[in-house]
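Trainee: Each chain, letter by letter, is given below.
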Amino acid sequence: MKHGARSQQAQRARRSWCLALLLLLPPVLGLAAHLPGRLDLTEESLYSLSPATLETLAKLDDRLQVKLYFNRDIEGAEALLPERLVMEDLLFEIAKAGAPYVSVETVDPTTDLVAQRDAEHIGIQPIPLSGQDLGGVSVELIYQGLELRYQDRSEVIPLVIAPEFEFAFTVRLASLLRGSRPVIGIVSDEPPLPPQIPGVTSQVPPARIYEELRQTLAERYTVRDINPAKEGDLSNDLVTVLVARPWALAPEKLQALDRYLAEGGHMVVLQESEQIDVVSLQAMPGPTGMEEWLAGFGVRVESDMVFDDSAIEVPAGVRQVQTPQGMQTVPIQARYGFAPIVQDGLNPDHIVTASLAPVTLFWAHPITLEQVPSGLVAETLISSGRQSWLLPASKPLDMNVRNLESLRAEALASGEPQARPLVVALRGVFPPQFSHENLEPAPGLLTVLGDADLWHNATLRVADGANQALAMNLFDWSAQDESLIQLRSRGKKERPLPAFAADYVVAQGGWSGDPDSDRELDRAAKAHARGQERWISWGNVLVPIGIVLILALAHRRFHGRRARKPYLPYGKGGNS
Amino acid sequence: MSTMRSALLVAKREFLAAFDAPAGYLVLAFLPALSAVLFFVTGPFFAFDTAELRGFFLSLPWLFVILTPAITMRLWAEEKRAGTEELLLTWPMRLRSLVLGKFLGAWGILAAALFATLGLPITVAYLGDLDFGPVLGGYFGALLLGGACLALGLFLSACTDNQIVAWLGGAAMLLVFNLLGGAATAEATPPWLGRVLLELDFGKHFEDLSRGVISLADVAFYLVMTAFFLALNGLVLLRRSWS
Chain A
0 MKHGARSQQA QRARRSWCLA LLLLLPPVLG LAAHLPGRLD LTEESLYSLS
50 PATLETLAKL DDRLQVKLYF NRDIEGAEAL LPERLVMEDL LFEIAKAGAP
100 YVSVETVDPT TDLVAQRDAE HIGIQPIPLS GQDLGGVSVE LIYQGLELRY
150 QDRSEVIPLV IAPEFEFAFT VRLASLLRGS RPVIGIVSDE PPLPPQIPGV
200 TSQVPPARIY EELRQTLAER YTVRDINPAK EGDLSNDLVT VLVARPWALA
250 PEKLQALDRY LAEGGHMVVL QESEQIDVVS LQAMPGPTGM EEWLAGFGVR
300 VESDMVFDDS AIEVPAGVRQ VQTPQGMQTV PIQARYGFAP IVQDGLNPDH
350 IVTASLAPVT LFWAHPITLE QVPSGLVAET LISSGRQSWL LPASKPLDMN
400 VRNLESLRAE ALASGEPQAR PLVVALRGVF PPQFSHENLE PAPGLLTVLG
450 DADLWHNATL RVADGANQAL AMNLFDWSAQ DESLIQLRSR GKKERPLPAF
500 AADYVVAQGG WSGDPDSDRE LDRAAKAHAR GQERWISWGN VLVPIGIVLI
550 LALAHRRFHG RRARKPYLPY GKGGNS
Chain B
0 MSTMRSALLV AKREFLAAFD APAGYLVLAF LPALSAVLFF VTGPFFAFDT
50 AELRGFFLSL PWLFVILTPA ITMRLWAEEK RAGTEELLLT WPMRLRSLVL
100 GKFLGAWGIL AAALFATLGL PITVAYLGDL DFGPVLGGYF GALLLGGACL
150 ALGLFLSACT DNQIVAWLGG AAMLLVFNLL GGAATAEATP PWLGRVLLEL
200 DFGKHFEDLS RGVISLADVA FYLVMTAFFL ALNGLVLLRR SWS
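So the protein lines, in turn, are chains A and B.
Just so you know, we're using numbering that gives the first Met the number 0 here: the first sequence kicks off at 0 and counts up by one.
Just so you know, we're using numbering that gives the first Met the number 0 here: the second sequence kicks off at 0 and counts up by one.
Derived from the structure by calculation, the hints contain no laboratory data.
None of the values given here were measured: they were computed from a predicted structure.
Just to be clear, a hint being listed does not mean it is correct.
Here are the simulated EDC-like cross-link-like pairs (lysine to aspartate or glutamate), alpha carbons at most 16 Å apart as the crow flies [what the hints assert, rightly or not]:
1. B:Lys79 x B:Asp160
2. A:Lys525 x B:Asp48
3. A:Lys95 x B:Glu206
Generate the whole structure from the sequences, applying the supplied hints.
Mentor: Following this line, the structure appears as structure tokens:
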């Protein structure tokens, strides 16, 4: 009876323990889920969002829907999939940081017809990617866009890439949270657009040379032509002001711009000491009216022009060549050193230039930074190539081969080549250079480009749109708050595997140029690469099995020997 | 004897006993070999052209579905079937030492199996510039995830005297715990329940760790789950010792 009572008591205690455990589990897990500590072990702190992004996410007070449009499987372009993984990881971090307001989703428009329709509707177009397969040339459609929806507004990034992902996301989110479209003011001497007449397509005056740039910027901003001297034009709603190719800028305009910058404004200046007609290539030198003002911040845009060995190729005339069919006229292509293609000179650590394709500048002037006032931080965004020289702007700019050869000879004789800054940015509190009443100093941003022609209607879309991308990146950056301006590119480091096929081709003496032998070499190289991969793969499968087998056999042998050992009593050699 | 010292004695005995039979070696060979098959042979490692081990770590929760119940299935079920459980429960040591010892022994076997997979990071580091942060995070996470899986397996092994039932039960339960956060579950359940189930997903908590982000919340989740199943294991044994 006594035993029965104790047993019942024990059973009751056990039941209570079970119940307590089950009841305790949810709250303990709930508490555990909210523990804040976190350690990012990746080399580049890849999965740690910057304070600017966290601050922007903290401003959410309604649901934010983020949709990544990206292929799930891309045959022949699998190397793109790690990019997708990085973006999904960052979205995962964003969803955690923005909980409970942020919901993220990844869709594949190539398999989901609704997603495909949505993507096309919002302007995310597929990028055709061609490749070779057994059946011939194949074309894959790659989607790589992002859509953000907040309240009744949305922002779309038609092509998003991993290194710029956080910046692009945060900039768009900041724009969504702002409510209305940010405004960019443009100060220039261009003629105004003719008045709109319903039903009549108005012609853009040819002298309105930044019209294409305005249209590009209008995709994300409200673009407004302003006169700084007019009261109210430099209003508080401007996120940045572009001073495009100033020409004898009136002092009252400069004074207004000075106040705007000193009070924390953001400004981009396209500064050149001559105006070049892109058709006739005639240069007209003259003052911009901003030289002294810029010099007050330690920025001097030189009058000489950069002549770079890495430059675009232009048709530079024709030459007569003797052929079996007789004399023939052959076009000559030559490098036009005044149009440098900048690749190595793009600052890899700056968000504006980190992932840009090579940009092409035209008749660019180097920028010298000296005696930058204390309180201002200067950084170079773009420099010319290391093989670049300076030539006076008075030199003929013609693209004929004789002129180009003579210019290069002069450049070589002018001294040692070196990289020269072409685009610089200054941040901090700008000391006013005019006297202003009731000035309220605040940190501002000034970006100076020693080239007023790279965003000209005729040049904006060259270099596969890289100049246009530079414009968008620069204005996206310049239009942000101080915290976003400090957001840096944190791209995922490339960690490629050895190129077995390419190494094989090099080891065999490279491509011969003969299609038949090259095809044979290509086949052999691919077979070699597959063989190497097979060795690595199966080596990793079989080696551990082999090692474990050896261990097992050794253990069995040792065990067997121990088992065969005769039993000896204690004290006679047996185990003590 | 202190609880920990007794637990370590039991752990040592279990660890060594596992390698007295071929099963221990099978476990030791299974994980690295199958991981390498999934990672190098059938996986897109070479097509991705990136020196990283994410694919390997992401396959671990699924490999553990098969492997961890195989380690734990015999730990209690075999004792019960052979009739040594009663003897074990009468040992002069606390029940918690026994449970902890069995768990640590099983954890040691899993750690040895994970150690045998080191060939993968060595190969990848030889092939390219491997970031060792995610590798450290991944192995740390694998030990935590494995611990929770083993605790669950140990609990199920204590509930039955049939090793096959213990293995099948463990694998089925782990499968469920790995599918809780899946899209199918989210679609089939109301949102609030979907969120709760997502939080219980074993694989979801491993994702962060496998990419090199050690979050205290994930670590705590695995520790809580391990402690929970070990406590349940203890209660099952307690019931048996009283009956």
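Trainee: Compare the structure with each hint and give your call.
Mentor: For each hint, the structure was consulted:
no., hint, in the structure
1, B:Lys79 x B:Asp160, "holds (5 Å)"
2, A:Lys525 x B:Asp48, "holds (15 Å)"
3, A:Lys95 x B:Glu206, "holds (13 Å)"
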